[in-house]
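*Asks:* Chain by chain, the residues:
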Amino acid sequence: MNASVARIVLVVGAVAALELLCRTGVIPNFTMIPPSAMAQSLWKILASGKFTPDIVTTLTNVGIAIAAAMIVGVAIGTLLQSSPTTRRVLDPLFATYYAVPMYAFYPLLIVIFGLGDLPQVAIGFLLAVMAVILNTLNGLDRVPPVLLKAARVHRLGPLKTALQVRLPCAAPYVFTGFKLAVAYSFIGVIGAEFITSSRGIGYEISFAYNNFDNGVMYAMILFILLLVITVNMSLHAWEKRLLARRRRI
Amino acid sequence: MIVSLRAVSRVYPARAGQPEVHALGPIDLELAQGEFFAVVGPSGCGKSTLLDVMAGLASPSCGEVHFEGKQVKGVVPPGIGVVFQEDASFPWLTVHDNIAFGLRQTGAAEGEVAAQVAYAVEFMGLKDFARAYPAQLSGGMRQRVCIARTLVLKPRLILLDEPFGALDQQTRLLMGDELLRLWRETGATILLITHALDEATMLADRVGVMSARPGRFLDIIPTGWPRERDSTIVASESFGRLTGRIWTLLRGESIRALGRA
Numbered sequence: 612m613n614a615s616v617a618r619i620v621l622v623v624g625a626v627a628a629l630e631l632l633c634r635t636g637v638i639p640n641f642t643m644i645p646p647s648a649m650a651q652s653l654w655k656i657l658a659s660g661k662f663t664p665d666i667v668t669t670l671t672n673v674g675i676a677i678a679a680a681m682i683v684g685v686a687i688g689t690l691l692q693s694s695p696t697t698r699r700v701l702d703p704l705f706a707t708y709y710a711v712p713m714y715a716f717y718p719l720l721i722v723i724f725g726l727g728d729l730p731q732v733a734i735g736f737l738l739a740v741m742a743v744i745l746n747t748l749n750g751l752d753r754v755p756p757v758l759l760k761a762a763r764v765h766r767l768g769p770l771k772t773a774l775q776v777r778l779p780c781a782a783p784y785v786f787t788g789f790k791l792a793v794a795y796s797f798i799g800v801i802g803a804e805f806i807t808s809s810r811g812i813g814y815e816i817s818f819a820y821n822n823f824d825n826g827v828m829y830a831m832i833l834f835i836l837l838l839v840i841t842v843n844m845s846l847h848a849w850e851k852r853l854l855a856r857r858r859r860i
Numbered sequence: 004m005i006v007s008l009r010a011v012s013r014v015y016p017a018r019a020g021q022p023e024v025h026a027l028g029p030i031d032l033e034l035a036q037g038e039f040f041a042v043v044g045p046s047g048c049g050k051s052t053l054l055d056v057m058a059g060l061a062s063p064s065c066g067e068v069h070f071e072g073k074q075v076k077g078v079v080p081p082g083i084g085v086v087f088q089e090d091a092s093f094p095w096l097t098v099h100d101n102i103a104f105g106l107r108q109t110g111a112a113e114g115e116v117a118a119q120v121a122y123a124v125e126f127m128g129l130k131d132f133a134r135a136y137p138a139q140l141s142g143g144m145r146q147r148v149c150i151a152r153t154l155v156l157k158p159r160l161i162l163l164d165e166p167f168g169a170l171d172q173q174t175r176l177l178m179g180d181e182l183l184r185l186w187r188e189t190g191a192t193i194l195l196i197t198h199a200l201d202e203a204t205m206l207a208d209r210v211g212v213m214s215a216r217p218g219r220f221l222d223i224i225p226t227g228w229p230r231e232r233d234s235t236i237v238a239s240e241s242f243g244r245l246t247g248r249i250w251t252l253l254r255g256e257s258i259r260a261l262g263r264a
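Protein chains in written order, with this note's numbering: chain B, 612 to 860; chain H, 4 to 264.
The following block holds chain B by itself, in its conformation from the complex:
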């Protein structure tokens, strides 16, 4: 039995077991509803269009956070790599970056950005951007010196060398940063919506939870789960295609 078959068996088995435990009452319905009921509820919710504005809000905010993290992260990573002194100053700070609980800054972000969508975007961005910076740096550090010599032979300036040699060469590492940025942006934005936002998927889950509305809560949790898995699997497939041509055979 190969790995992908085993994986499908594992997931289907786990869902079936959960279904059974819920149906037989081992897990009471006020704790968790059966997966089939989650799916039905989700289908109804999506068909009714009730939460469409929330879904659009969350996806837009996540999208903005991802795009900003990619652009800013690659730019900062590239600049830092070309300035070893600044990098030596910042490296220890970078190492502790992920030790900072970003949500602790939420009140400050509200003071700065107000009560709209920006605090959520900011948290998603702050969580995501460092992954892009660090992976960009890692990738740029591994560019073989001979390729930079080749760039000089073709008389490429610093900007062209970055865009046409350094970054394309570092692309597999930068891509890893992008994948993490996508994951962190979802975590940041949806997590922030739990706290004080008044719309978005995270807010609706929190609202349903406070109202003992398991139908909506589990439906939306399932929705997020399916969404993130789909996004990550597409990214993974894309990455595999990009890497295939660069792998030695």
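None of these hints come from the bench; they were simulated from the model.
Quick caveat: nothing in here was measured; it's all calculated off a predicted structure.
All C-beta atoms in this analysis are idealised placements derived from N, C-alpha and C, irrespective of residue type, glycine included.
Some hints here could point you the wrong way.
Claimed, not checked - Not close to chain H: a few residues of chain B, all C-beta gaps over 12 angstroms, as computed: (1) I638; (2) I798; (3) K851.
To be verified - Dumping the calculated DSSO-like pairs for lysine-lysine here, alpha-carbon to alpha-carbon at most 30 angstroms: (4) H:K157 / H:K76; (5) H:K157 / B:K771; (6) H:K76 / B:K771; (7) B:K760 / H:K130; (8) H:K130 / B:K851; (9) H:K157 / B:K655; (10) B:K760 / H:K157; (11) H:K130 / H:K73; (12) H:K157 / H:K130; (13) B:K851 / B:K771; (14) B:K771 / B:K760; (15) B:K771 / H:K73.
To be verified - What the simulated footprint calls covered on chain B by chain H, stretch by stretch (three residues with Cβ under 8 angstroms from a Cβ of chain H suffice, anywhere in the stretch; the number is not a length): (16) 745-758; (17) 761-768; (18) 779-787.
Put chain H on the given structure of chain B with help from the hints.
*Replies:* Here is chain H on its own, set in the frame of chain B:
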């Protein structure tokens, strides 16, 4: 004279815990238009430094380098092509796009680029691999891609830094034949750096034999081969004599270099 070096030397300044290193020179050298010049020397003698200085990839600490009458300083002048020992093909580009890389930098029209690349691909025997990526090619093929990328720019001076160093002996001899063909057809001047004495003897019009560090020319030996030649000359009597003469010059230097390493 297409290239002239006058009293060129290169000193790497002292750095944390490392004393100053006198890597090269002083060297005087003149290359005639269209000649094939090979440089051999013990490892670490500054051969690659010599190439870097000639290409404008490194500045000489003393002395001057002139290419076509203009001083070379800090920038690689148009008209000079360089092929390195390490694989310098761009792994994210197809063979076609790799070869087109330099041409596109010059702003050549896409039709012109396609025509030039098609010629180079044909010339270097890469025709069936134009759409392949370097990762799908052997080391020898990737080195051909790099040579083709240089070739399409029609350089008047081609500098090669141990381009076949990573290849097996038979492939090297065949690549030598291709290099000779390229040299004859383009009329370019070639400077080849190598550690293989037979390669130098077989390919070059003149062989410059370098001393251990700091690298200087011990002697420059003309081979006297006709322009029309190929790797079969390794069987000739004078080939053995020439190679032997170079080795006699180099032997003591190589022992010196070995002792220091």
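*Asks:* Work down the list of hints and note, for each, if the structure agrees.
*Replies:* Hint check:
{"no.": "1", "hint": "I638", "in the structure": "51 angstroms, holds"}
{"no.": "2", "hint": "I798", "in the structure": "30 angstroms, holds"}
{"no.": "3", "hint": "K851", "in the structure": "14 angstroms, holds"}
{"no.": "4", "hint": "H:K157 / H:K76", "in the structure": "21 angstroms, holds"}
{"no.": "5", "hint": "H:K157 / B:K771", "in the structure": "22 angstroms, holds"}
{"no.": "6", "hint": "H:K76 / B:K771", "in the structure": "21 angstroms, holds"}
{"no.": "7", "hint": "B:K760 / H:K130", "in the structure": "27 angstroms, holds"}
{"no.": "8", "hint": "H:K130 / B:K851", "in the structure": "27 angstroms, holds"}
{"no.": "9", "hint": "H:K157 / B:K655", "in the structure": "68 angstroms, violated"}
{"no.": "10", "hint": "B:K760 / H:K157", "in the structure": "19 angstroms, holds"}
{"no.": "11", "hint": "H:K130 / H:K73", "in the structure": "37 angstroms, violated"}
{"no.": "12", "hint": "H:K157 / H:K130", "in the structure": "19 angstroms, holds"}
{"no.": "13", "hint": "B:K851 / B:K771", "in the structure": "27 angstroms, holds"}
{"no.": "14", "hint": "B:K771 / B:K760", "in the structure": "13 angstroms, holds"}
{"no.": "15", "hint": "B:K771 / H:K73", "in the structure": "26 angstroms, holds"}
{"no.": "16", "hint": "745-758", "in the structure": "holds (count 3)"}
{"no.": "17", "hint": "761-768", "in the structure": "holds (count 6)"}
{"no.": "18", "hint": "779-787", "in the structure": "holds (count 3)"}
Going through the hint list in order, the structure does not satisfy hints 9 and 11.
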